[in-house]
Every structure is written in structure tokens, then in C-alpha cells.
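Residue numbers -22 to -1, 1 to 63, in mature numbering (1 follows the signal peptide of the UniProt record, and there is no 0), belong to the letters of the sequence shown in order.
Treat the hints with caution; some may be incorrect.
Here are the computed distance ranges between Cβ atoms for each label pair [to be verified]:
1. Tyr54 - Asn19: 49 to 55 Å
2. Gly55 - Val12: 39 to 45 Å
3. Asn19 - Arg51: 44 to 50 Å
4. Ile5 - Arg61: 35 to 41 Å
5. Arg53 - Ile5: 26 to 32 Å
6. Leu33 - Arg56: 38 to 44 Å
7. Asn19 - Cys62: 42 to 48 Å
8. Val29 - Tyr50: 43 to 49 Å
9. Val29 - Arg56: 25 to 31 Å
10. Thr(-4) - Arg51: 24 to 30 Å
Simulated from the structure, these hints should not be mistaken for lab results.
Glycine included, each C-beta is placed from N, C-alpha and C at the ideal position.
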Amino acid sequence: MMKKIVLIGALVGALASCTATEQGTAIGAGTGAVIGGVVTNSWGGAAVGAVAGGLTGALIGQSVERRGYCVYRDRYGRRYEARCR
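Construct the entire structure; sequences and hints are all you get.
Structure representation (C-alpha cells):
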């Protein structure tokens, strides 16, 4: 029981210093691995779940970091970010 508390404390401490994108990636990967492993009852399912969860978490974390910015296209079709109008 004490080992679990120490492990959880270390993980929370490590995530506290990360950016929103890194936190989202870590939380998404961990959650995806657990769900993938439980649903498929295999390591392969856990690995696929970790990748899918990590990608999703990174996208969510990145959107939180760039709050107030929108993606626009110029007249040549190139994408750029600027403050939302």
C-alpha cells in the first residue's frame, strides 16, 4: 500500500512541471493503455490504447495551451495561427 502511495505521489509531482500538452499526452496514454488492456486482455491492446490515448491527449493538451488563438488560411491556402478575431 505504501509503495502505491509513493508511486502516485511521484507521478503527480512529475506531471506538475509539464506543459498542458505533455500532461495531456501522459494522461491520455496511461488511460488508453488501461482501457486497451482491459478490453482486449492483452499487451498488444494496451499498446494500441496507449498510442491512441497519447495522440488524443496531446491534441487536447495542445488546444488548451493555445487558447485564444485560431487557425486561419491566407489567400494562398497556407495555414497560420493568430489571435481570434
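Do the hints match the structure? See the list:
no. : hint                        : result
1   : Tyr54 - Asn19: 49 to 55 Å   : holds, 51 Å
2   : Gly55 - Val12: 39 to 45 Å   : holds, 41 Å
3   : Asn19 - Arg51: 44 to 50 Å   : holds, 45 Å
4   : Ile5 - Arg61: 35 to 41 Å    : violated, 28 Å
5   : Arg53 - Ile5: 26 to 32 Å    : violated, 39 Å
6   : Leu33 - Arg56: 38 to 44 Å   : violated, 24 Å
7   : Asn19 - Cys62: 42 to 48 Å   : holds, 45 Å
8   : Val29 - Tyr50: 43 to 49 Å   : violated, 31 Å
9   : Val29 - Arg56: 25 to 31 Å   : holds, 30 Å
10  : Thr(-4) - Arg51: 24 to 30 Å : holds, 27 Å
Of the numbered hints given earlier, the model fails hints 4, 5, 6, 8; all others are met.
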